Amino acid sequence: MEILKFSEEHLAFEKRLEAFMDFDVIPNIQKWEKDKIVPKSVWKQLGENGFLCPNLPKKYGGTGGDFLHSVLVAKQLARSNFNGLATFIHSDIVVPYIESYGTEKQLNKYLPGCVTGDIITAVGMTEPDSGSDLASMNTTAVEDGDSFVINGTKTFISNGVNCDLVILAAKNPEGENPHKAVSLFLVEDGTKGFKKGKPLEKMGWKSQDTSELFFSDCRIPKENLLGSLGNGFKMLMAKLQQERLICSVSAMYFCENMLKWTVDYLKKKGALESQVARFALSEMGTEITIGKVFMEKLVEEHMKKESIIVETSMGKYFTTDLVKRISLRCLELIGDFGSLEECPVARTFRDSRITSIFAGTNEIMKEIIAKFSYS
Amino acid sequence: MELNLTRSQKEIQKAATTFAKGEFDKNLALNLDKEGKFPEEIWKKAAELGLIGIHIDGDNKLSLVDSVIVAQSLCAVDSGIGSSILSTTNGAELLFMDGDENFRAKYLEPLLTGDKICSLAYLESEKNLQSTNTRAYLQDGVVTLSGSKIYVINADAADYFIILCLISLKEEPSENLSLIVVDKNTDGINIRSLGEKLGFRMNPVANVDFSEAKIPAANILTFNCESKLKKYLAIDRILKASVAIGIAKGAFTRALEYTKLRKQFGKAIAGFQVTKHKFADMDTQIQSANLLTFQAAQNIENANFDELPSAQALLTASKAAVYVCDEAVQLMGGYGYMAEYDVERFYRDAKALEITYPSSSALKDIIASKVIGKVK
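Protein sequences, first through last, are from chains F and Z.
Residue numbers for the first sequence follow the working numbering, beginning at 1 and rising by one.
Residue numbers for the second sequence follow the working numbering, beginning at 1001 and rising by one.
Chain F on its own, in the form it takes in the complex (with noise of 0.2 Å):
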């Protein structure tokens, strides 16, 4: 049932990278989960090895991958059973702005750091008072003479306490039409008036560095706006369905990872005789059998360059619900040993939960699948 063809060099990368989680990952995760951040020198050694933007053109530094690349990435770091390490925010969703809309000399500037590790990045979408509804952020770019004035609050913001550079999303407050007032802006750490918050406490993903990011009368050079003025909104969207695509990608790898432990788990304890246990396992296996088909083949398209706006959010609701699912049942079939830490399905249902709030809510990528599908 497998669509995605994997070649030699897909496969070589992989082992590597799989060496790579067993030596200098795995064995540190209960630290830096305690640290709630993972530390900056792990995202040099995975930039030496050549595991950050993977599909990154040789000519600022990458390897010249593809997208088939961080889909392997995806499938290391749920086997690890670890989203603290969340890379693919930056060589997935971050960094493609810059690629796709970079000035030669932003692309000069920054790309070959993003590939070493040395510019570790973030986005910066969401508001306190703004999540779902993005046209309503209240941060603000003022232009001044030969810059932008950047003034508000972002929050929820990964790699937010790591990052080196923001993508930020800011709206010119004269704009009448907030959907072109918005902007994005590169902001770079230790720009004045630039504040990062400390690591936000959250059910999950403990060691991935969530925090606020303050601006206030941050000065940033005018050469610092990605694209063209105004036209934030619709970078956005079109940079949203690799984002999506993503986390369907790493949410099956997930699903696949939870139910071989706990197969693995029930088998030692001589369960599968139960029969209640076998139906749960096979009609999870079902569900993840057929969520993995239609996942891959949404990679597929992509890398086609297809537009798959709707697919790629009945992608994103249907398989990050279902990893929620998978959770809650694998946990329940394990029984007293899944009220420990020590469970590693105890971490997943815990990490999971957050993949159908963040990159647009599933109740958004509903009404995006009604929208364009059923009015």
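Calculated cross-link-like contacts (lysine to aspartate or glutamate; reagent style DMTMM-like; alpha-carbon spacing at most 20 Å):
{"#": "1", "chain 1": "F", "residue 1": "Lys36", "chain 2": "Z", "residue 2": "Glu1340"}
{"#": "2", "chain 1": "F", "residue 1": "Lys36", "chain 2": "Z", "residue 2": "Glu1035"}
{"#": "3", "chain 1": "Z", "residue 1": "Lys1026", "chain 2": "F", "residue 2": "Glu201"}
{"#": "4", "chain 1": "Z", "residue 1": "Lys1263", "chain 2": "F", "residue 2": "Glu127"}
{"#": "5", "chain 1": "F", "residue 1": "Lys36", "chain 2": "Z", "residue 2": "Glu1196"}
{"#": "6", "chain 1": "Z", "residue 1": "Lys1263", "chain 2": "F", "residue 2": "Asp129"}
{"#": "7", "chain 1": "Z", "residue 1": "Lys1260", "chain 2": "F", "residue 2": "Glu363"}
{"#": "8", "chain 1": "Z", "residue 1": "Lys1263", "chain 2": "F", "residue 2": "Glu367"}
{"#": "9", "chain 1": "Z", "residue 1": "Lys1263", "chain 2": "F", "residue 2": "Glu363"}
{"#": "10", "chain 1": "Z", "residue 1": "Lys1267", "chain 2": "F", "residue 2": "Glu363"}
{"#": "11", "chain 1": "Z", "residue 1": "Lys1260", "chain 2": "F", "residue 2": "Asp133"}
{"#": "12", "chain 1": "Z", "residue 1": "Lys1319", "chain 2": "F", "residue 2": "Asp336"}
{"#": "13", "chain 1": "F", "residue 1": "Lys267", "chain 2": "F", "residue 2": "Glu256"}
{"#": "14", "chain 1": "F", "residue 1": "Lys196", "chain 2": "Z", "residue 2": "Glu1340"}
{"#": "15", "chain 1": "Z", "residue 1": "Lys1034", "chain 2": "F", "residue 2": "Asp35"}
{"#": "16", "chain 1": "Z", "residue 1": "Lys1364", "chain 2": "F", "residue 2": "Asp336"}
{"#": "17", "chain 1": "Z", "residue 1": "Lys1267", "chain 2": "F", "residue 2": "Glu127"}
{"#": "18", "chain 1": "Z", "residue 1": "Lys1037", "chain 2": "F", "residue 2": "Glu342"}
{"#": "19", "chain 1": "Z", "residue 1": "Lys1278", "chain 2": "F", "residue 2": "Glu363"}
{"#": "20", "chain 1": "Z", "residue 1": "Lys1263", "chain 2": "F", "residue 2": "Asp133"}
{"#": "21", "chain 1": "Z", "residue 1": "Lys1364", "chain 2": "F", "residue 2": "Glu332"}
{"#": "22", "chain 1": "Z", "residue 1": "Lys1319", "chain 2": "F", "residue 2": "Asp321"}
{"#": "23", "chain 1": "Z", "residue 1": "Lys1037", "chain 2": "F", "residue 2": "Glu201"}
{"#": "24", "chain 1": "F", "residue 1": "Lys180", "chain 2": "F", "residue 2": "Glu127"}
{"#": "25", "chain 1": "F", "residue 1": "Lys195", "chain 2": "F", "residue 2": "Asp217"}
{"#": "26", "chain 1": "Z", "residue 1": "Lys1260", "chain 2": "F", "residue 2": "Asp129"}
{"#": "27", "chain 1": "F", "residue 1": "Lys34", "chain 2": "Z", "residue 2": "Glu1196"}
{"#": "28", "chain 1": "Z", "residue 1": "Lys1364", "chain 2": "F", "residue 2": "Glu273"}
So the derived label-pair ranges between C-beta atoms look like this:
{"#": "29", "chain 1": "Z", "residue 1": "Gly1050", "chain 2": "F", "residue 2": "Lys40", "range": "50 to 56 Å"}
{"#": "30", "chain 1": "Z", "residue 1": "Asp1156", "chain 2": "F", "residue 2": "Glu9", "range": "51 to 57 Å"}
{"#": "31", "chain 1": "F", "residue 1": "Lys198", "chain 2": "Z", "residue 2": "Ala1268", "range": "28 to 34 Å"}
Treat the hints as calculated values from the structure; they're not laboratory data.
Computed from a predicted structure; not experimentally measured.
Glycine is no exception: its CB is placed at the ideal position from the N, C-alpha and C atoms.
Once you've looked at the hints, dock chain Z against the given chain F.
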């Protein structure tokens, strides 16, 4: 919907809610959950007010509805603090039902006054109680106990355990299940922590090993306890269901407050049709669980210990709690995922309650055996 509570029940409800709102500090709850610590001071205050073990604080009649009300009220304000202070009397119904005056004075009273913590150690296998291998023999007025118990709640904090074991009068093994009270400072007890938990983190759990622990014969609570244990388990299911309903109510209230204030697309989220229907489903589930639980508690007050109502109450309540908390997290979006907004913690607690003994699957076994009867 309000159940027909008596005046004294309404007073208890009010007292418990007022106490919890005044004492359950939000930041304290977050820290205790994070550090896996027990809210000792609040527990003592709750006991002073008579909220701990309110159903076993009388002469001979279990006033279980009172405890249903207290558990719901406390857990609705804070799932973790509420459930953890109530857990200090874990197994104490057995002392109430079976203990003579000496037992009550020595082991039950200190629980009600907030001086001691008790923990029932009964599980040895995750599946059932039929696999008890902890054995004890009685000789010259001394019981020697050996074996291991798993998932013992508050094992570290407890002052004494009520142990389910097989006691033989001579050195020959007996197949009669019995209960014995064991002081924690008895030699031969080893407590092995099970580490961080998914939910109910204020109540650490541990495995407890007994190796030739010597206990005075006077501490034998019940010989041949099978029918007592069944009664106890029915009570326990009702108390757990009450905790679950409290958790669900707490998550419901928080989500409701949030969605009424939170505006997106120019409108409070509570005003969207899908949100409204979600709240309709959430409340319906809570009320269904509530009715079953009150009915089951009343049965027990009337000395009807039929297993069916309590099993159905807990099955419905724990499912309702997981469902309501899950929806609360979703409705509160990114905030729902943040510790500061409580519902993620309530959700973890609800899930832990649902999957730990007696799990939904075990409850369904009980229910099925009652509704189907024997199959040829």
